[in-house]
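Build out the structure end to end from the sequences listed, making use of the hints.
Those protein sequences? They're chains S and F, same order as listed. For reference, each letter of the first sequence is one residue, going 1 to 408 in my numbering. For reference, each letter of the second sequence is one residue, going 1 to 355 in my numbering.
A few of these clues could be false.
What the hints assert, rightly or not - In silico DSBU-like pairs for lysine-lysine, Cα to Cα no more than 35 Å straight-line:
| # | chain 1 | residue 1 | chain 2 | residue 2 |
| --- | --- | --- | --- | --- |
| 1 | S | Lys320 | F | Lys82 |
| 2 | S | Lys259 | F | Lys275 |
| 3 | F | Lys82 | F | Lys242 |
| 4 | S | Lys259 | F | Lys260 |
These are computed hints drawn from the structure, not numbers from a lab. In this text the structure is predicted, and so the values were computed from the model without any measurement.
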Amino acid sequence: MPYYVRRLETETDEHNDRLTGRYKNEVSGHLVTYVSPGEALHRAVKHLVSPLMSIDKRYTTRRVYISGPTGSGKSRLGWELYCKVDRDKRKLGLVNVAFVSINMAKDTHIKTVADLVQHILRTRATASGVPELNSVETHQLSFEAVARHLAGWKAGGGRTALVLHVDEFQHNPSTVLLIQDAIAAMNHTNSVILPICTGLYNKGFRHHKDLDASDHSHAIYLGYLSAADNTTDHDAAWEVVRNATIAVIGRDVLPKALKDAPPVLRYLVEDLGGWPMAAVQLGGQLAAQEPLKRAMSPADVVWMHVSLNVCEAGMDGILKARYREPVTLLETTLKPAGIYKLVTLILSPFPVCLQRGDTEEGIIIATYARIHPPLSFSAGAAKRTDQWHDRRRSSAPRLCAPATCCAL
Amino acid sequence: MTVEGLLRHGFVHLQRVVPSDDAEADDSQGSDPSEPPGESDIAYIRFSKPLLRLLVSGLHKNMIPFCNAQSTIGQSLRKLLKTCRDYHGDTEEAAQLLSFVSACAAYVLLTPASRPRLESLADLRPGAKVFGDPAKLMEMARGIKTWAANVDNVTTAARETYKKALADFEKAANRAVAVGDVQSRRKLADCRYELVRCSAAYVEARHNAVKQQTQLKLCKRSSRIEDMVASGGATLTEAKTKGVDAWVLVGLLLYAMQCKGQETGTGAGRAGGDKTFQPKHTAKALTVFASWLDEAGTDDASVAALELLTTKRMTKDSKCRASQCAKPVVVVARDVLLQSLGMVFGGIAARCQKR
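Encoded structure:
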C-alpha cells in the first residue's frame, strides 16, 4: 500500500494492467472492496473513535495494535478505519479527516517524532491537492500543527482528525512508542490524532503489554475470516473472491452466494480456510478466465469452459512467489524435525495446549521483552533503546514467566 | 519454536476451541478478548490449504510426513492436498488411513503435558461412536502410550539438557533485569542462543525417537492378516479386497478400517438422492467384514476392532446397528467427519464420491 493512499486514482482506473502486479494475474489487495473480518474493525473503531464522542471534548488517546497472520488484511484495516472515520465525521463532530500511513520496515529513517513530521511534510508535498508549506514554517511546525494542516484546518474552524497508520510496527518499537507518547501529550481539543499500529509481534514480545504498557493500549488479533463461533466464514471468503474479480473486470459475473457456485469452485473457496490474501488471488485468477471476461452477468458464464485447475495453479504460483522468502525462513528456523511436527499437528484432529509455564515443548524463543532489545534495533539506536528499556522497567517491573507453550 | 513463535512469523492462524464469549466485553475489564490467541486456552493450528501446499511442495522429502505414501499406497500428500482433483473411493481410503496415522504420530510427538486424553484407541477419532466391548481398543491405546513413554524415556537426556538451558536462561534474564549492564546482557544473549540450540536438539531427538520406537510407517499394500502382522505399520489393502480397506498395526493388534458410501443430494451439493446411511447398509458392511474375518480363520484374534467410516449421514439406528458386530466398531459418520479426521483429511473425505 502506498504511504499516501490516493485511492481515487486507482478506483477510477479501468486498465487491468494497472491493477495487476508482477506475477501473472496478481491482484493488489488494497484495490479490492473490503470485507471486514469479524469484529476487528468494529473493535478498532470502538477503541479509537468512541472517545471522540465525549461531551467535554477532551480526547484521551488510545493505542491500538493489530496483529495476525500474514495476508489477513492488517495493513488494509488501517485504511478502512480512516474510511469509517471519514464517513462518520459529522456524527463525530469533525470538520475534516486526513490519513497518513508510514511503514516502519521501509521508512527506516524515522527515528523521532521530528523525523516523522519531516517525512509527512516531504511526502505529502508530492501528493495532489495539498498546499505546500515553505521550509521556514516546517521547522516551526509541531506534530499537532502538521495534523491540523493535513486535515485542512483553518483558524476558527471545527475539530479535525488525522488517522496515523503505523504499519509493520514490530520493526521499530521504540520509535512507535515515542510517537505514541507524543500523540498522548498533545492537546486534542482542536486537532486529534488517531494512531493505529499494525504488524506482527516481534520475537521480543510475547504480549502487547510488553510493547506498550500504557493503560490505554489495546491489542486486536486479526485472524482468517471467521464466523462468530470461530469457524471459517466461507461466505466472507467468497465475497472477497467476488470483489477481486469485480476489481479486475469491472463486472459482477460470479454467483452472489457461494452455494450457487460450481462444486469445484466451492471446494477451492472452502480450502482457502478464510485466508483473505488467497481469496484475492483466486478472484484475480478467475477474472483472467476467458468465459468470465466475456460474460456480462453470472448467467452468461459457461462454467464447463472455466479451467479451475489453472486458477488453482495460478493462485499457488503467486503465493509461492510472494511467500518464498518467509517460508524459507520458517524452514530454517524450525529445522526438519520442527517442520515435520508442525505439518503433523496441522493434519491431526487435535488442538494444542497454549498454556505456558509447565510444558516442555520444543524451542523457546525468548520473551523477555523488558530486558531484551528486539533484534531489529540498530546499533545507532542504542541510546533510545536504553530509554525504552528504562521505561519498560519503570512501567512494568514484574518479570513474567517465560512462554514455554506447546507444540513445536 | 513455540506456537507463539509461529504467530510471530505471521503464518499460523490459531482457532480457539472455546469461542470467546466476551468478544463484546470492554477490554479494560481485566481479560483482553482481543489478545492474540496464545496466552492460554486450547487452539487448533490452522493453515490455509494453499499455504500448506506451498509449505509441503517446497520441503525436502524428509521434512514431510508420509514421504513414501506414493510408493506404498499410491497417493502422495502433495497430490492429496490439491483441491482440483478426483475425489473417489481411493482418496477416501487414503484420507481415512493417513488421518489416523497423523493422529497417532501427533500424540506421540507431543510432550506429556500437551497430549490429549487417550483411554481408548477411539480417542484418536474425536467425536466417533464406539460400539461393542472397548477392551481391545483400550489395550491398543496402552500400546500407543507405551510408544509415547518410550519416546519420553529415550529423550530424557535431551530434555534435561534443554531444561538446564532454560533454567540458565531464566537466571540470566533475572540478572539482566537486576543489573542491566552490558556483560549481563551478553550472558543473556549467549543463554538465549544455547536455549534455542538445546530445544531444537530436543525436538529432533523426539522426532528420531518416534521413528525408532513406533511402528508408524506406511508399508506396501497387503490383504492377509499374517502379512500385516509381519510387516507392521499401516497401509491400504490390495484393490478389490472386500471387508477391509485399510489397517494399522499397534503392538500385535490390528485396527481394521472400512469406508462406505458417499453423500449425494442437495445436502452435499451433488446430484442424486438425500438418502442416509441406513441400518441395512451398516449390517451389510458388517457382514462383509465378518466374511473377511472368516477367511482369516484363527488369525482373526489379531483384529482388535473395525472402524466404519462413511461420508453419508447416519441415523442413530444405523450407528447402533454396529453393536451387532463380533468386534468393537468405531463409527465415524458425516456429522463428525471434520472433528474426527481433522480439517484437512476430513474435508477431503467429505468430498469423495462414486466414480
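Hint by hint, here is what the structure shows:
no.: 1; hint: S:Lys320 to F:Lys82; verdict: holds (15 Å)
no.: 2; hint: S:Lys259 to F:Lys275; verdict: holds (20 Å)
no.: 3; hint: F:Lys82 to F:Lys242; verdict: holds (29 Å)
no.: 4; hint: S:Lys259 to F:Lys260; verdict: holds (26 Å)
In this structure, none of the earlier numbered hints is contradicted; all agree with it.
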